[in-house]
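A.B. asks: Chains as they are written, first to last, in this note's numbering: chain H, 1 to 120; chain U, 1 to 132; chain W, 1 to 249.
Quick caveat, the hints were computed from the structure, so don't treat them as lab data. For clarity, every value in this text was computed on a predicted model and none was experimentally measured. Possibly wrong hints are sitting among the right ones.
[Claimed, not checked] Derived, one-sided and incomplete: chain H residues facing chain U with beta-carbon distance under 8 Å:
id, residue
1, Phe9
2, Leu41
3, Met46
4, Ala55
5, Ala66
6, Val67
7, Ile68
8, His84
9, Gly87
10, Val90
11, Gly91
12, Ile94
13, Leu97
The C-beta atom is built at its ideal place from N, Cα and C for all residues, glycine as well.
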Amino acid sequence: MKRSNKPVFWSLFGAGGMLAALIGTMLVFVTGIAAPAGFLLPGDTMSYARMMALAQHWLGKLGILAVISLFLFHGCHRMYHCLHDVGVHVGAGIKALFHGFAAAGTLVAAYLLLSIGFGG
Amino acid sequence: MGKPKTYLRPMTGWWRRNPFYRSYMIREFSSVLVTVYALILLFGLYRLFQGQAAFDAWRAALATPGSILFHLLVLAAFFYHAWTWFEIMPKTMPFIRLGGRRVPDNAIVASGAAAAVALSILLFGLVWWVTR
Amino acid sequence: MAETKTIEIECLRYHPGTDSEPRYQAYQVPFTEDMSVLQGLQYIKDHLDGSLTFRWSCRMAVCGSCGMMLNGIPQLSCHAFLRDYHPGRLRVDPLNHFPIMRDLAIDQTDFLRKLATVKPYIFPGEQKTPAQGEFLQTPGQMDDYYQYSQCINCLLCYAACPQYGLNPEFTGPAALALLHRYNADSRDAGTPERMEVVNAEDGVWGCTLVSYCSEVCPKGVDPARAINQNKINSTKDYFFRFLTPRGGK
Chain H
1 MKRSNKPVFW SLFGAGGMLA ALIGTMLVFV TGIAAPAGFL LPGDTMSYAR
51 MMALAQHWLG KLGILAVISL FLFHGCHRMY HCLHDVGVHV GAGIKALFHG
101 FAAAGTLVAA YLLLSIGFGG
Chain U
1 MGKPKTYLRP MTGWWRRNPF YRSYMIREFS SVLVTVYALI LLFGLYRLFQ
51 GQAAFDAWRA ALATPGSILF HLLVLAAFFY HAWTWFEIMP KTMPFIRLGG
101 RRVPDNAIVA SGAAAAVALS ILLFGLVWWV TR
Chain W
1 MAETKTIEIE CLRYHPGTDS EPRYQAYQVP FTEDMSVLQG LQYIKDHLDG
51 SLTFRWSCRM AVCGSCGMML NGIPQLSCHA FLRDYHPGRL RVDPLNHFPI
101 MRDLAIDQTD FLRKLATVKP YIFPGEQKTP AQGEFLQTPG QMDDYYQYSQ
151 CINCLLCYAA CPQYGLNPEF TGPAALALLH RYNADSRDAG TPERMEVVNA
201 EDGVWGCTLV SYCSEVCPKG VDPARAINQN KINSTKDYFF RFLTPRGGK
């Protein structure tokens, strides 16, 4: 029986799932509800100046990249399995599409974060 | 005498036939909203890269009632993900023993949930403190 | 005299020689409070329709022969009671995801083949003659594998597992649980022999943690746990295989 390459994708899926489980809910609340609505947090929580400061700090870059990349890998891996579960025949091509999408998103995020620079 | 003709029942609609399967499918499909949220953040990062005007436009879009309502849905999906994630976590771990006794599964679930609550409060507290 | 009520039991019927597809047949079965579903089926066979075909043996949930779908839920028919379905109707189907041979009897060949592939026997870690005494094991060491050794091969977990239903190549819950039973036994040194099955796409990686298998298991084996612990082992094996020499545990 051929050795599966699942461990690679499963590790990324697991890391993303754990991150999402630990802080995902609060992240959604802060970025999608509290800050935009000015509810429990000031309306300028995610101001351009503040977000640039976050994205220019190396820790901020790591955090933003981790969230975007791992959430994408988690989501794409699971959605790929969802397709299989509802009876769609998922071959190597579709597998590459889903995981490739997550990889592409990761690369785009990394590029943007590097391009934003380190401030100063 | 040849092998008798067996009958294999089709799998179509399997997940609709049992509430246990339906919960499983909801759990799995929460991944769609997790992906969408990641893409929203990625798009926001792109807008940030483009400059103040573009980023402010993105923020304005987030502040619309439609977006807030959508994020409530996303919030529900993330919460369900977290709940089911910790519920299933013990199954992926070997038996843990403390003082010779096996740590029960619900203790592992509770620790996971507690860690999530603690980190979430920490995150909110950090944001609140930075923006006070 | 015990009060006798009547319940309608609807059974799937299929005869390979005459039927192109299954049909249902309903029977009115008088029952008392203490009767199991199996006893209801035996009443049908003894008094109403001798052609109804189903497997059974011990009548006490240890042999694993009488697995069936009761109102869509995989159960041992000796382990379920007619009183719990009355006054509704009880529908009895053969175990899901297996080819139906006749009526309520399914073809188990696939499982038996897969069971052999996991090498379900001890590879002794040290060679001992009987004169040298037994292999010793602490209660803690036995606890590591005991629940997985309780499997009675009843196949309820396979009927519960949608991944097996969608992909019959999947090794499946019971076989993988038994694989783990031997890997986790302190007397066994056969883990490397079993890694090929573990690491395969249809090994542990065919599981998506639906975990309905563990829900329906009548013996508390918890196959979902056995499989998913080995996802971690398989991942370690995948990434560290170039670091450790082959043959180690």
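A.B. asks: Take the hints in turn and mark each one as holding or not.
C.D. replies: How the hints compare with the structure:
no.: 1; hint: Phe9; verdict: violated (13 Å)
no.: 2; hint: Leu41; verdict: holds (6 Å)
no.: 3; hint: Met46; verdict: holds (6 Å)
no.: 4; hint: Ala55; verdict: holds (6 Å)
no.: 5; hint: Ala66; verdict: violated (11 Å)
no.: 6; hint: Val67; verdict: holds (7 Å)
no.: 7; hint: Ile68; verdict: holds (5 Å)
no.: 8; hint: His84; verdict: violated (10 Å)
no.: 9; hint: Gly87; verdict: holds (7 Å)
no.: 10; hint: Val90; verdict: violated (14 Å)
no.: 11; hint: Gly91; verdict: violated (18 Å)
no.: 12; hint: Ile94; verdict: violated (15 Å)
no.: 13; hint: Leu97; verdict: violated (13 Å)
Violated hints, listed in ascending order, are 1, 5, 8, 10, 11, 12 and 13; each of the other numbered hints is respected by the structure.
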